[in-house]
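Going by this note's numbering, the first residue of the sequence shown is number 1, and it counts up by one from there.
If you are wondering where the hints come from, they were derived from the structure by calculation, not from laboratory data.
No experiment lies behind these values; they were computed from the predicted model shown.
Yeah, the Cβ is synthetic: ideal placement off N, Cα and C, and Gly gets one too.
Misleading hints may appear alongside valid ones.
[As the list claims (entries may be wrong)] FRET-style restraints, in silico, Cβ to Cβ: (1) Leu106 with Gln205: 21 to 31 Å; (2) Tyr377 with Ser82: 27 to 37 Å; (3) Asp85 with Thr116: 55 to 65 Å; (4) Phe108 with Thr193: 34 to 44 Å; (5) Gly318 with Leu207: 30 to 40 Å; (6) Asp85 with Gly180: 29 to 39 Å; (7) Thr316 with Leu150: 25 to 35 Å; (8) Phe245 with Ala146: 19 to 29 Å; (9) Glu227 with Glu366: 22 to 32 Å; (10) Gly384 with Phe332: 23 to 33 Å; (11) Ala221 with Val57: 30 to 40 Å; (12) Leu150 with Ile379: 51 to 61 Å; (13) Gly318 with Phe245: 27 to 37 Å.
[Unchecked claim] Derived pair list, reagent style DSSO-like, types lysine-lysine, alpha-carbon separation capped at 27 Å: (14) Lys253 with Lys162; (15) Lys77 with Lys380; (16) Lys162 with Lys250; (17) Lys196 with Lys253; (18) Lys196 with Lys169; (19) Lys201 with Lys162; (20) Lys250 with Lys229; (21) Lys229 with Lys196; (22) Lys216 with Lys162; (23) Lys287 with Lys216; (24) Lys251 with Lys201.
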Amino acid sequence: MKKSIILFLLSAFFPVFAFAAPEAAFNGKTISEINIKTARISPEIVREKFLMEKGEVFNADNYDFAKQCLHDMRVFKTIDFSITDNGDNTITINIDAKDSYYVFPLIFGSGGSKNTVAAALMEANLFKSGEVAYLFGLVSTDGYMAMGGLGLNNNFFSAVIKNMEYEEKVFDNGSYNTSGFFSSADNLDDFGTPVKQYKVKSNSQRLLFSKSFMEKTSLMASFDFAEVKYSGNDTPRDAGSHNKFSFSFKKHKNSKPGGSMGGNFGALFGIGLSDIKDRLSDLEKTKYGYLINAVYENGGDYTGSDFSISKFYLKTMGNAELKKRHILTLDFSAAKVFEAPFYDKLRSPEVLSGQGVYSREFRGEEALGLGTSFAYYLIKNTTGILTLVPFVESAVIWDGGERRNLTGAGASISYRLWRIPFPIGLNYTQNVTDGSYNFSFLFGGGF
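Take the sequences, apply the hints, and build the full model.
Next up, the structure:
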């Protein structure tokens with residue numbers, strides 16, 4: 001038993017060596033042709049996404065990545081790949097992709113401490129271009145939001161309109177109640193009476209454009225219009241315009257940094273599940289991945305802002321996908337305000353890993369975050385997957401010389417049917433810093 005435990009721990013942190021994939025036998029040979037057959041979409045769109053070219057020297061690792069790029073389009077029912085050895089040190093790659101399309105409306109809601117109703121309309125590949133588009137609207141106790149987006153040929157456009165009105169509470173330990181459309185209502189029994197309380201009203205609009213390169217790198221630029229108002233006693237003194245530009249650089253490998261909304265809804269119609277066989281198969285060896293995302297925000301007179309804004313965020317993530325596809329993840333984040341009013345200060349959720357659910361947050365000018373989680377698949381078959389994710393995370397915030405810490409630990413368990421876009425489950429988060437806890441229903445996300 002002791003030996004088994006030691007072997008498990010070693011496999012979690014070090015590579016698992018295995019025999020090379022069969023495609024490795026073609027390493028070093030030249031690709032003489034790539035034959036592509038599709039049902040609706042243009043073969044040239046598939047050729048552009050495949051990221052291997054005629055005349056290129058074949059490499060099995062590059063081939064695996066190119067195949068995954070096609071699966072990640074999520075518009076195919078099946079994709080069959082094969083390699084033909086031409087006998088003259090050249091090979092031919094054959095791709096038979098059965099693409100389809102969907103147009104899907106969705107209405108859902110939640111009740112309890114905060115009521116929310118949302119509706120969405122999504123489509124993918126309707127115009128035979130591999131595009132994904134969506135419209136989304138939400139009305140909540142705390143306000144409303146409307147957004148739309150279009151992803152086409154490695155370009156993504158989106159627009160968001162948001163109006164929020166909520167009570168903000170400040171507590172004697174320097175924490176604030178969390179706000180947002182899906183945040184939990186306050187439980188004052190755990191925290192006592194706030195030392196300050198006032199109402200916040202914000203109206204904002206956002207225009208965003210991003211472009212990806214070789215499926216590994218992306219650049220983003222956005223402009224945010226924001227107007228903030230307060231009412232009540234002892235309110236912050238930064239009511240007015242908070243307009244700003246945002247720029248980001250993202251680099252990743254073997255990680256899933258997120259995509260346009262609606263990318264998985266085709267699963268309801270059997271679309272986008274072309275790599276299920278691969279997802280259920282063991283890996284030949286441990287697969288390592290990473291994500292680096294740097295964001296800079298700036299505003300001032302030139303953006304029509306009443307305040308100077310200058311902020312920088314850095315998020316990094318490393319993950320190891322083990323032979324049985326369990327995933328160990330390490331997160332590190334850092335952020336700094338060079339100049340910004342109260343409303344634009346850093347918030348602790350911005351440097352946490354996102355695994356925990358908390359009723360309070362801290363704000364400040366500098367922040368560091370560190371977290372680790374382990375996605376363990378209890379059940380994995382052709383119907384769905386049951387996942388247990390224990391986690392530990394911590395954020396440190398510096399505010400005017402004061403240092404505040406938020407540390408949490410817990411676990412989530414969720415089940416996802418392959419044919420249903422989102423998993424459902426439960427999350428338990430223990431706030432180690434103040435002793436409070438949160439037990440919540442989980443809907444959404446992905447793995």
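Hints and how they fare:
no. : hint                           : verdict
1   : Leu106 with Gln205: 21 to 31 Å : 24 Å, holds
2   : Tyr377 with Ser82: 27 to 37 Å  : 29 Å, holds
3   : Asp85 with Thr116: 55 to 65 Å  : 57 Å, holds
4   : Phe108 with Thr193: 34 to 44 Å : 35 Å, holds
5   : Gly318 with Leu207: 30 to 40 Å : 32 Å, holds
6   : Asp85 with Gly180: 29 to 39 Å  : 56 Å, violated
7   : Thr316 with Leu150: 25 to 35 Å : 29 Å, holds
8   : Phe245 with Ala146: 19 to 29 Å : 22 Å, holds
9   : Glu227 with Glu366: 22 to 32 Å : 27 Å, holds
10  : Gly384 with Phe332: 23 to 33 Å : 32 Å, holds
11  : Ala221 with Val57: 30 to 40 Å  : 36 Å, holds
12  : Leu150 with Ile379: 51 to 61 Å : 36 Å, violated
13  : Gly318 with Phe245: 27 to 37 Å : 30 Å, holds
14  : Lys253 with Lys162             : 33 Å, violated
15  : Lys77 with Lys380              : 20 Å, holds
16  : Lys162 with Lys250             : 25 Å, holds
17  : Lys196 with Lys253             : 45 Å, violated
18  : Lys196 with Lys169             : 6 Å, holds
19  : Lys201 with Lys162             : 11 Å, holds
20  : Lys250 with Lys229             : 33 Å, violated
21  : Lys229 with Lys196             : 16 Å, holds
22  : Lys216 with Lys162             : 31 Å, violated
23  : Lys287 with Lys216             : 16 Å, holds
24  : Lys251 with Lys201             : 35 Å, violated
Violated hints for the displayed structure, listed by number in ascending order: 6, 12, 14, 17, 20, 22 and 24.
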